[in-house]
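Please build the complex by placing chain B on the supplied structure of chain A, with the hints as guidance.
Line by line, the protein sequences are chains A and B. Read left to right, the first sequence gives residues 1 to 389 (our numbering). Read left to right, the second sequence gives residues 390 to 732 (our numbering).
Everything labelled a hint here was simulated from the structure, so no lab data went into it. Beta carbons: idealized from backbone N, C-alpha and C, even for Gly. Hints may be right or wrong, so weigh each one.
Stated by the list, open to error - Label-pair distances were calculated between CB atoms; the ranges are:
{"#": "1", "chain 1": "B", "residue 1": "Lys453", "chain 2": "A", "residue 2": "His60", "range": "31 to 39 Å"}
{"#": "2", "chain 1": "A", "residue 1": "Glu245", "chain 2": "B", "residue 2": "Leu609", "range": "52 to 60 Å"}
{"#": "3", "chain 1": "A", "residue 1": "Pro205", "chain 2": "B", "residue 2": "Leu455", "range": "52 to 60 Å"}
{"#": "4", "chain 1": "B", "residue 1": "Lys453", "chain 2": "A", "residue 2": "Pro120", "range": "49 to 57 Å"}
{"#": "5", "chain 1": "B", "residue 1": "Asn610", "chain 2": "A", "residue 2": "Phe215", "range": "51 to 59 Å"}
{"#": "6", "chain 1": "A", "residue 1": "Pro120", "chain 2": "B", "residue 2": "Pro504", "range": "30 to 38 Å"}
{"#": "7", "chain 1": "B", "residue 1": "Lys585", "chain 2": "A", "residue 2": "Ala150", "range": "22 to 30 Å"}
{"#": "8", "chain 1": "A", "residue 1": "Ala28", "chain 2": "B", "residue 2": "Pro504", "range": "49 to 57 Å"}
{"#": "9", "chain 1": "B", "residue 1": "Leu449", "chain 2": "A", "residue 2": "Thr147", "range": "53 to 61 Å"}
{"#": "10", "chain 1": "B", "residue 1": "Gly725", "chain 2": "A", "residue 2": "Phe201", "range": "50 to 58 Å"}
{"#": "11", "chain 1": "A", "residue 1": "Asp337", "chain 2": "B", "residue 2": "Lys585", "range": "34 to 42 Å"}
{"#": "12", "chain 1": "A", "residue 1": "Ala150", "chain 2": "B", "residue 2": "Pro504", "range": "57 to 65 Å"}
{"#": "13", "chain 1": "B", "residue 1": "Gly652", "chain 2": "A", "residue 2": "Phe51", "range": "53 to 61 Å"}
As the list claims (entries may be wrong) - Only pairs whose alpha carbons sit at most 27 Å apart, straight line, appear in this in silico DSS-like list of lysine-lysine:
{"#": "14", "chain 1": "B", "residue 1": "Lys700", "chain 2": "B", "residue 2": "Lys453"}
{"#": "15", "chain 1": "A", "residue 1": "Lys32", "chain 2": "B", "residue 2": "Lys425"}
{"#": "16", "chain 1": "B", "residue 1": "Lys425", "chain 2": "A", "residue 2": "Lys180"}
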Amino acid sequence: MYQRAGGIVTPLITALFAFVVGGLVVVATTGKNPLSTYRAIFDGTGLNWLFPWVSGVARHDAALNLQQTLLVMAPLMLTGLAVAFAFRCGLFNIGGQGQYTVGTVVAVQTGIWFASMPKPAHILIAIVLATLAGAVWAGIAGVLRATVGAHEVITTIMLNWIALWVASYLVGFGGPLQDKRFGAVNPNTPDIVASAKLPVFWGDPQLQGLHIGFFIALAALVVFWIVLSRTTLGYEVRAVGFNAEAARYSGINVPRSYFLAMAISGAFAGLAGAIDLLGWEFHLDLTVVQSSQIGFFGIAVALLGRNSAVGVFFASLVFAALLNGTSARALDPSIFDPQLAGNLTRIIQGLVVLFVGADLLVVYLWQARRKLGLVGRDGLEPGKEPAAS
Amino acid sequence: MLSVVLAALALTMFAGASFGMVGAPTVRKAAQVTYKMAVITDVGGLNDHGFNQAANAGRLQVEKKLGFQTRVYDTRTSAERLPNLQAAAQAGYQLVFGTGFFMGDPLDKVAPKFPDVKFAGIDVNYNTDLPSKPANVRGIQFKEQEAGYLVGYMAGLVLKQQPGPDIASAIGANTVPAIVRYFGGYRAGVKKADPKATVILSYANDPTFSDQAKCKEVALNQISQKTQIIFAVAGGCGLGALDQAKAQGLWGIGVDSDQLYLGPEMLTSALKDVAKAVYLTSQEFKKSPANFKTGFNKVFNVKNGGIGYGKVSAKLKNRAAIIKKVNAIKKLIAAGKIVPPAK
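Here chain A stands alone, though its shape is the one from the complex (with noise of 0.2 Å):
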């Protein structure tokens, strides 16, 4: 029962936290009413577009909005379970940024090449290819964790640096994916062909509409919800994360685990990059490469969601829903400044992963509640934190 409800209700408080100190943040900053401020953050998420009574006009906008909220959302739920699938062996993946980019990487080259294809055999390919690349990266730091112990936080972070570099020497001045046609000299790759992209089921394709990415983002959280809990390989990942020693000792091949959960997770990473790609970007330019930041939000996400699937899709929902909500676009910039709408993301991202890293904090307030006498004393066992669920 406690540990039922602290798995929810501790990313519950984290966030709620997180935005009474943003406002908090917004009042001393602008002088004005967080709350107002958050209901534009709210309009400008597009979610209004749920509620029946939202129309004409504003409905049109609502949509556009959430378009967009959702078309982030999907990465992010990906990114997301990556971290949150090496979390669960134990692992820290913070590799999930390099991962994404050589999934973009890959589904660029994949979409440019192979004209001729079928559009869902060309989606397939350039789907596979970059979600193997992305497995390929993460696992490498997976075989090093598993030969020789190098531990996966100081690989991840280096494999960061040169999918980064590698990237941007590929699509950069003067590199091998660079769009040279036309006389054309930016640092971007030409467009992949028209059968790779992702078919658009909501909005206008020319203008960024939502793409099907976001159910395969969806079944994403399905698989990882049915390897995790429903096969072998799941359970000794999981008997990994819990106690390694206690694993090994009971049988499992915890190396063999620890490569899988890496390769797992950077199969994620590459997906989103994927969709992306092909969903929306379709071509790659230097400044995507180098200013990204969906990998580093999954960490967040993750954290936020505490490595469940469900959790996941509603810290997705969450983060996306902050990084469109304060766009320049939502937040008239007479009341709000644009610079201080976009940090005001970071903020309340700041201060989740800040509490989620307190989250004993947390639980122990949730205890003391019992020593100030406000609840009885049946149904708590005192001194044992949440298990991830």
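Relative to chain A, chain B alone:
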């Protein structure tokens, strides 16, 4: 205890809320706003000491001097480029600027959907960056070679009057066309003032324009070849080179915006005045929105004021005479009597 804390926080928030109500914003409206203009900046932020900042500065001038109602859409991630452009067009802004050549692709897609809105892409080349050739987009390009020529000419004059070898150099971040053009003009300018001079041109191969260490390394290399003046054409990367020039007591030349604030060791800066381009373009729009031409590249140069050189160091000997000579050259360029080479 938790609920106590929460209640306290909530109270503070509502207190703040009511304070907010007291100072509720009155809608600021200029007297007779007729025109609306928006600037969409690219990834990098409004304080990037470069492109985005300059475009935003131009917007503020347009608001103040031309009476436009303006708004800036600060793009934080690449996913926001297109939605921001679209939002600006939808919100009724008649003139929409996109800054940086990465705006080419979103402009190409958004512009055809809003035929009544005029778009302008700063550093977007209409001929190469917009495959679908939307009729309502104007590319804005700069003749960087003219700015390079002016500062090169000044560098040549300085080389001639000071003792030491007649060697000047320039450092580019990478081979983007703008830098190649700066280089071409710079070399020709130095040679024009001092035909005996040697000009060393090197690239730091920094795709990011921000790696100071790389430019510093190249600067050290050039200093070992006895350069006297370093022209850093490399954005943030160039700051590393200018720093090194300063440490060695050599002249540095800034780029794009006026970088004399870096210190008196800065000879001058080659100006590519994005703010002015935004201003002049908006002015042209205000004169007659119906006749505002699109579907071509508007080129900014010395003649129309989008290109020039910045303030000159107070430490320079014969400062007035040198400025006079450079201004004479500037007039010749404006008149088309001197055509600086583009590479």
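Evaluated hints:
1. Range check, Lys453(B) to His60(A): Cβ separation about 34 Å, and the 31 to 39 Å hint holds.
2. Range check, Glu245(A) to Leu609(B): Cβ separation about 53 Å, and the 52 to 60 Å hint holds.
3. Take Pro205(A) and Leu455(B): their Cβ atoms lie about 37 Å apart, and the range 52 to 60 Å is violated.
4. Taken as a hint, the range 49 to 57 Å holds for the pair Lys453(B) and Pro120(A), whose Cβ atoms sit roughly 56 Å apart.
5. Restraint check, Asn610(B) to Phe215(A): a C-beta distance of roughly 54 Å satisfies the suggested window 51 to 59 Å.
6. About 35 Å separates the C-beta atoms of Pro120(A) and Pro504(B), a value consistent with the hinted range of 30 to 38 Å.
7. For the hinted restraint 22 to 30 Å between Lys585(B) and Ala150(A), the CB-CB distance of approximately 58 Å leaves it violated.
8. Our hint of 49 to 57 Å for Ala28(A) and Pro504(B) is violated, since their Cβ atoms are close to 45 Å apart.
9. A C-beta distance of roughly 59 Å is found between Leu449(B) and Thr147(A), which places it inside the suggested range of 53 to 61 Å.
10. The supplied range of 50 to 58 Å is met by Gly725(B) and Phe201(A), whose beta-carbon atoms lie about 56 Å from each other.
11. Range check, Asp337(A) to Lys585(B): Cβ separation about 54 Å, and the 34 to 42 Å hint is violated.
12. For the pair Ala150(A) and Pro504(B), the beta carbons lie near 58 Å from each other, so the given range of 57 to 65 Å is met.
13. A C-beta distance of roughly 58 Å is found between Gly652(B) and Phe51(A), which places it inside the suggested range of 53 to 61 Å.
14. Annotation: proposed proximity of Lys700(B) to Lys453(B) holds, straight-line Cα distance about 24 Å (limit 27 Å).
15. The hinted pair formed by Lys32(A) and Lys425(B) meets the criterion: a straight-line CA distance of about 26 Å does not exceed 27 Å.
16. Between Lys425(B) and Lys180(A), the direct Cα distance comes to roughly 37 Å. Violation of the 27 Å bound is thereby established for this hinted pair.
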